[in-house]
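Visitor: Taken in sequence, the protein lines are chains A and B. Each residue of the first sequence is one higher than the one before, counting from 1 in this note's numbering. Each residue of the second sequence is one higher than the one before, counting from 1001 in this note's numbering.
Read the hints as simulated data drawn from the structure, not as lab findings. Incorrect hints may have been included.
Said to hold, decoys possible - Once the Cα atoms are required to be at most 30 angstroms apart in a straight line, the calculated BS3-like pairs of lysine-lysine come out as: (1) Lys459(A) <-> Lys36(A); (2) Lys135(A) <-> Lys311(A); (3) Lys1236(B) <-> Lys213(A); (4) Lys56(A) <-> Lys459(A); (5) Lys1468(B) <-> Lys1059(B); (6) Lys394(A) <-> Lys213(A); (7) Lys36(A) <-> Lys213(A); (8) Lys1236(B) <-> Lys209(A); (9) Lys459(A) <-> Lys1059(B); (10) Lys36(A) <-> Lys56(A); (11) Lys459(A) <-> Lys1236(B); (12) Lys209(A) <-> Lys36(A); (13) Lys1061(B) <-> Lys459(A).
What the hints assert, rightly or not - Per the computed footprint, the stretches of chain B lying under chain A, defined by three or more beta-carbons under 8 angstroms from a beta-carbon of chain A, are: (14) 1032-1042; (15) 1329-1337; (16) 1363-1369; (17) 1457-1463.
Claimed, not checked - Which chain A residues face chain B? A few, computed with CB under 10 angstroms, are given here: (18) Glu101; (19) Gly191; (20) Glu294; (21) Val298; (22) Asp441.
We put the beta carbon where it would ideally sit given N, CA and C, even for glycine.
Residues per chain are reported as follows:
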Amino acid sequence: MTQNLIRELEHLLGPSAVLHRPEDLLLYDYDGSPEKGRPDAVVFPSTTEEVSRIAKLAAQYNVPIVGRGAGTGLSGGALARSGGLMIAFTRMNRILDVDIENQRAVVQPGVVNLDLTRAVEHAGLYFAPDPSSQKSCTIGGNVAENAGGPHTLAYGVTTNHVTALKLVLPDGQIVSIGSTQGDISVYDLCGLLVGSEGTLALITEVTVKLSRKPEAIKTLLAIFETIDDASETVSDITARGITPAACEMLDGWTLRTVEDYIHAGFPLDSGAVLLIEVEGLTEAVTSQAASIDEVCRVHHAREVRIARDDKERELLWTGRKNSFGALGRIAAGIYVLDGVIPRSKLPQTLRRIQEIGDQYGFRIGNIFHAGDGNLHPIVLYDPRDAEQFERALKASADIIRYCVEIGGSLSGEHGIGTEKSELMSLLFSDADFALMRRVHDAFNPQCSLNPGKIFPLTKGCGETRIRQHAAAHPGHGA
Amino acid sequence: MTATTHSIAARLESFIGSPSNFPDSVDPESYAIEGAVPSAVAKPASAAEAAEIVRFAAKEKLAVIPTGAHTKLSIGARPSRYDIALDMCALRQIAHYDPADLTVSVDAGMTIAAVNAALLEHNQFLPLLVPYYSQSTIGGAIASGIDSPLRNAYGTARDFLLGAEFIDGTGALVKSGGRVVKNVSGYDLHKLLIGSLGTLAIITRLNFRTFPVPLTPRGFLASFPTHEAALLARQKIAESPLTPLTLDVTDPGAARIFAERTPSTAEPGIFSGGSHTAADSALPVPGTWFHPNDWQLCAAFAGVPEVLDRYVRELTRIAEQHGAATIFILDDTTRPSIWGRLREALPLFRESSPAAVILQLNVLPSRQTQAITILKSVASAALLPLALVARASGALYIALLPESAQGDAAALSLLTQEIFSLSRSFDGRASLLFAPPAVKDLLQSTLNSHPHSDLALMRRVKSAFDPKNTFAPNRLFPDSL
Chain A
1 MTQNLIRELE HLLGPSAVLH RPEDLLLYDY DGSPEKGRPD AVVFPSTTEE VSRIAKLAAQ
61 YNVPIVGRGA GTGLSGGALA RSGGLMIAFT RMNRILDVDI ENQRAVVQPG VVNLDLTRAV
121 EHAGLYFAPD PSSQKSCTIG GNVAENAGGP HTLAYGVTTN HVTALKLVLP DGQIVSIGST
181 QGDISVYDLC GLLVGSEGTL ALITEVTVKL SRKPEAIKTL LAIFETIDDA SETVSDITAR
241 GITPAACEML DGWTLRTVED YIHAGFPLDS GAVLLIEVEG LTEAVTSQAA SIDEVCRVHH
301 AREVRIARDD KERELLWTGR KNSFGALGRI AAGIYVLDGV IPRSKLPQTL RRIQEIGDQY
361 GFRIGNIFHA GDGNLHPIVL YDPRDAEQFE RALKASADII RYCVEIGGSL SGEHGIGTEK
421 SELMSLLFSD ADFALMRRVH DAFNPQCSLN PGKIFPLTKG CGETRIRQHA AAHPGHGA
Chain B
1001 MTATTHSIAA RLESFIGSPS NFPDSVDPES YAIEGAVPSA VAKPASAAEA AEIVRFAAKE
1061 KLAVIPTGAH TKLSIGARPS RYDIALDMCA LRQIAHYDPA DLTVSVDAGM TIAAVNAALL
1121 EHNQFLPLLV PYYSQSTIGG AIASGIDSPL RNAYGTARDF LLGAEFIDGT GALVKSGGRV
1181 VKNVSGYDLH KLLIGSLGTL AIITRLNFRT FPVPLTPRGF LASFPTHEAA LLARQKIAES
1241 PLTPLTLDVT DPGAARIFAE RTPSTAEPGI FSGGSHTAAD SALPVPGTWF HPNDWQLCAA
1301 FAGVPEVLDR YVRELTRIAE QHGAATIFIL DDTTRPSIWG RLREALPLFR ESSPAAVILQ
1361 LNVLPSRQTQ AITILKSVAS AALLPLALVA RASGALYIAL LPESAQGDAA ALSLLTQEIF
1421 SLSRSFDGRA SLLFAPPAVK DLLQSTLNSH PHSDLALMRR VKSAFDPKNT FAPNRLFPDS
1481 L
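Given the sequences, and given the hints that come with them, work out the whole structure.
Guide: Next comes the structure, spelled out in structure tokens:
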């Protein structure tokens, strides 16, 4: 990247909003995924207009752009795979408008997920998507990856909560899409943009729906002797038409590791637990909890505990939400997968994951959104060992391949990024890629936005834009 | 048949080599859209055959419009070219249904009623109770983008459409999304098909999330002297812990039509515990439920007995606090007569006038009160009877109902234009659903003047899907600038 561009960026944004010395860039060459990719410069705009001017400059200098929120993504979406300019949205962190009556908020992309909920909870409202990283991840990142979370089982993922977006296209043009009310007008461009992983446009404003906090919540912890019993329970809850707000599973080994760290009160000798939450009217919650209790017992639950108060409930969720961190304590590296399967296939898939772990010699933990079939197998490995890293990737690919074989998909909420782009051919044909590519080019014709993501290298922007990076530098746990 | 018709049909036949695709009994007139009659009608038996027809059309620069049950075919502008009507009704299988997954994959030509009949056997359903319910195909309902009263609880199609297979403008059979309830793998292209009026692709298959049938549904009906009171009560319900299945306000005009008319199609058995018959929704609306001078708040709710009691208690309290004149709780025997009418409101409105104009105005819910005040005044100044259905989500259906067919097309189009500018001043969006062709012709420039900065992007998306403008030209925006 030329010094001229750096000078122009500094002139535009001020020197404190441009990083370009190698030691300053170190922090920006990784995200939550195992890979790395260093930008040539990082800029910190404060307004849509600045983003637009940055895009124009980048186009003029023919430099690719990668958007970045908090860098918590797990699929490499925020990695500068081809170097270039990284736009960090950290300073665009203002909540621009809150409309309590109509349950809408307009936010800049750098607003932290949980901060939005904190800003509106006085009115009994909250922002429903709740990824485990919600204390640090940004809404812009949630939009790019179509983030989920435990409670998306009942309330839907990010795309179900976004009604309008302000975009900056690669040529610097500013475009508004969608509407505050949210009904589709002509084409649902918002529906296309959410989950497009920063490959179509830079998002500089997000209009979201706010949800009303439920009157009552009951959190159940069902304890099982075997993983099979727990997964049969999940399938049965779904089949009986009970829709909990959340339905999470932790296997016994993972549970013990988490308990060791968090002390959430998880039993140390069980095969698996389900953390199930029901929400709504007090009367409805009581009857749903009773039905769930019954299903758990039909499937040999040893015990079903109901959290007695908010404190107990919080503790159970702390255990769940910090479980990746707990595993990170006992392994040099952890690799979190995100496959999704038809919910009735849960028992057989968990057995298959176990087999794959045995075959490759890895311990694979399972902490995941059981209710919607979104698995998070966690491979524990030593990233300093290149052979182990390769083996971990192979085991992971086998798991993902199995998910697809039984009618599932590559990713439920983490996105494709660089991590799974080469596996996309498992799902999509050449004709599918051709159309996706034409849609990509309608927004991003020069491949200047987040090149090397989603598409396999041979189907997307080609390899020209992708800098041949040295062997991956794994080592970062999630 | 004209010579052109003959030649296109003959060329198509020789290209496809499967005469079964071109049934002799079909009258192209019955595929007309706003007076535009196709030169040929093709009824492919498979997605592959449909793709072949598209490839032929793209090569020959012919225009193709996919059709289903024709109930919503007149939504949108008159097509500028219309060579081939692609009748998708022969594609009507359930491709995949695993009740334990609560997902279903269906061919586009299947009627929603048939899909729901299959799902109901497993006590599940698809909450797409759209107007013209019993005839509507699933592909047509998605392409029309029309909503259903149940959106208050289940959202719109974009919330439960999981994936799709479709034919793009190059004739390639492509897919997006999948059959799982959570998925971030590639672009959500299927979302673009919702409301696309056949301009992007030919939908061949759709994957949905299904839902358990609600337990013992009940209805609630309260009448108010003013729209302000009815909408305020509705807002209080929306702010309460209650989450009704439906939550709509209707105006006195709608009440008069509901009292006089019965929908020609039955309420689906979904909310009737299975015992429901076609005759039920044809019941006259008993007594004064829809009083012709009142604004009605209509809600449906479901659950275990304790939940039902709670709804009845709180809905009644809120309605009384806001000055409800009458309150009715509807059970299985009385509810269908109201809910059949609410679902079929648009067809009933259309039947009630020889030259009905029906629009949808989307504004934030809190702005509906003022929007309705203005609508009432402009309609009354133009001496045009009005009927309204205002959903809690912010979708407002507006029917302008002249009493004679000789009604003044100019006056109707003027009023429609006013509603379009009203939508802009309310930071909302208006769309014209149904109107007599003479009115649509006068409105061509209004309909085509998409006032937002995203029009250029929309056009680029259209070109990406359909590079040769083969599909439904001019129906959403003009062929060229």
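Visitor: Lys135(A) and Lys311(A) were given as a pair; does the straight-line alpha-carbon distance stay at or below 30 angstroms?
Guide: At roughly 19 angstroms apart (the allowed maximum being 30 angstroms), Lys311(A) and Lys135(A) satisfy the hint.
Visitor: Is it true that the CA of Lys36(A) sits at most 30 angstroms from the CA of Lys213(A)?
Guide: Outside the cut-off at roughly 39 angstroms; violated.
Visitor: Within the assertion that chain A covers the region 1457-1463 of chain B, do at least three residues meet a Cβ-to-Cβ distance smaller than 8 angstroms?
Guide: holds (count 6)
Visitor: Does the alpha-carbon distance linking Lys56(A) and Lys459(A) stay inside the 30 angstroms limit?
Guide: The given pair, whose Cα atoms are some 27 angstroms apart, holds under the 30 angstroms limit.
Visitor: Against the 30 angstroms threshold, does the CA-CA distance of Lys459(A) and Lys1059(B) hold or violate the hint?
Guide: OK: Lys459(A) and Lys1059(B) at ~25 angstroms, within 30 angstroms.
Visitor: Are the Cα atoms of Lys1468(B) and Lys1059(B) separated by 30 angstroms or less?
Guide: 9 angstroms, holds
Visitor: Assess, step by step, whether the Cα of Lys209(A) is no farther than 30 angstroms from the Cα of Lys36(A), and give holds or violated.
Guide: It is violated: about 34 angstroms lies between the C-alpha atoms, which goes past 30 angstroms.
Visitor: For the region 1032-1042 of chain B, do at least 3 residues have a Cβ located nearer than 8 angstroms to some Cβ of chain A?
Guide: Answer violated; 0 residues pass the 8 angstroms Cβ test.
Visitor: Tell me if Glu101(A) is really an interface residue toward chain B, meaning its C-beta lies closer than 10 angstroms to one of theirs.
Guide: 5 angstroms, holds
Visitor: Closer than 10 angstroms between Cβ atoms is the bar; does Val298(A) clear it against chain B? Give me holds or violated.
Guide: This hint is violated: Val298(A) lies away from chain B, its Cβ roughly 15 angstroms from the closest one there, beyond 10 angstroms.
Visitor: Lys459(A) and Lys1236(B): Cα distance at most 30 angstroms?
Guide: Outside the cut-off at roughly 52 angstroms; violated.
Visitor: When the nearest CB of chain B is found for Gly191(A), is that gap smaller than 10 angstroms?
Guide: Hint on Gly191(A): holds, closest Cβ of chain B at ~3 angstroms, below 10 angstroms.
The structure is inconsistent with the numbered hints 6, 7, 11, 12, 14, 15, 20, 21, although it conforms to all the rest.
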